[in-house]
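Participant: Sequence:
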Amino acid sequence: MGNLRSFRLAAGNFFRLYESSASTSLRFTRNSDLKRLNGFCTKPQESPKDPTSTYSHRVPLHKPTDWEKKILIWSGRFKSKDQIPEAISFDMLDSAKNKLRVKISYIMIALTVLGCIVMVIEGKKAAKKNVSLTNLNLEKKAHLREEAAMKAKTE
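Residue numbering for the sequence shown follows our numbering, beginning at 18 and increasing consecutively.
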């Protein structure tokens, strides 16, 4: 039993060591290249640029289309097209789309409930008139039989 436990500990230590060495060899930096990390670089390396000049903390902006402007207005983010800036962030557009999706789903829920109520009312009206699908089918079959009998007499 103790031998199995020591084997498990040794195997665990081996895999932890393997994972840490594998993850450091696969880790990339902003100015590095996959070929350079794997040692397959055939070109001479250029001097690395200043990382602050290549990487900025600015949020990427997006110029909204007319449809996206309508979405921003419908979601309540802006009051009119004149208030929408020239460029907006993707997060703002995503939140506006999500808000609009929620509004549409609420409208669909309300329409579904309203449709159910209307169908219940129509069904109760039909029950008062003693109109049922079975009665309608029996009347239709009787009418078709009469037409078939009339055709048979004329021929």
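Calculated directly from the structure, the hints in this document are not laboratory data. Worth double-checking, as some hints may not be accurate.
Below, in silico cross-link-like pairs of lysine-lysine (DSS-like), each with a Cα-Cα straight-line distance of 30 angstroms or less [as the list claims (entries may be wrong)]:
id: 1; residue 1: Lys-116; residue 2: Lys-141
id: 2; residue 1: Lys-170; residue 2: Lys-146
id: 3; residue 1: Lys-168; residue 2: Lys-141
id: 4; residue 1: Lys-157; residue 2: Lys-146
id: 5; residue 1: Lys-168; residue 2: Lys-157
id: 6; residue 1: Lys-120; residue 2: Lys-146
id: 7; residue 1: Lys-98; residue 2: Lys-87
id: 8; residue 1: Lys-87; residue 2: Lys-141
Participant: Work down the list of hints and note, for each, if the structure agrees.
Facilitator: Status of the hints after comparison with the structure:
no.: 1; hint: Lys-116 <-> Lys-141; in the structure: 38 angstroms, violated
no.: 2; hint: Lys-170 <-> Lys-146; in the structure: 35 angstroms, violated
no.: 3; hint: Lys-168 <-> Lys-141; in the structure: 39 angstroms, violated
no.: 4; hint: Lys-157 <-> Lys-146; in the structure: 17 angstroms, holds
no.: 5; hint: Lys-168 <-> Lys-157; in the structure: 17 angstroms, holds
no.: 6; hint: Lys-120 <-> Lys-146; in the structure: 39 angstroms, violated
no.: 7; hint: Lys-98 <-> Lys-87; in the structure: 8 angstroms, holds
no.: 8; hint: Lys-87 <-> Lys-141; in the structure: 42 angstroms, violated
Violated hints, listed in ascending order, are 1, 2, 3, 6 and 8; each of the other numbered hints is respected by the structure.
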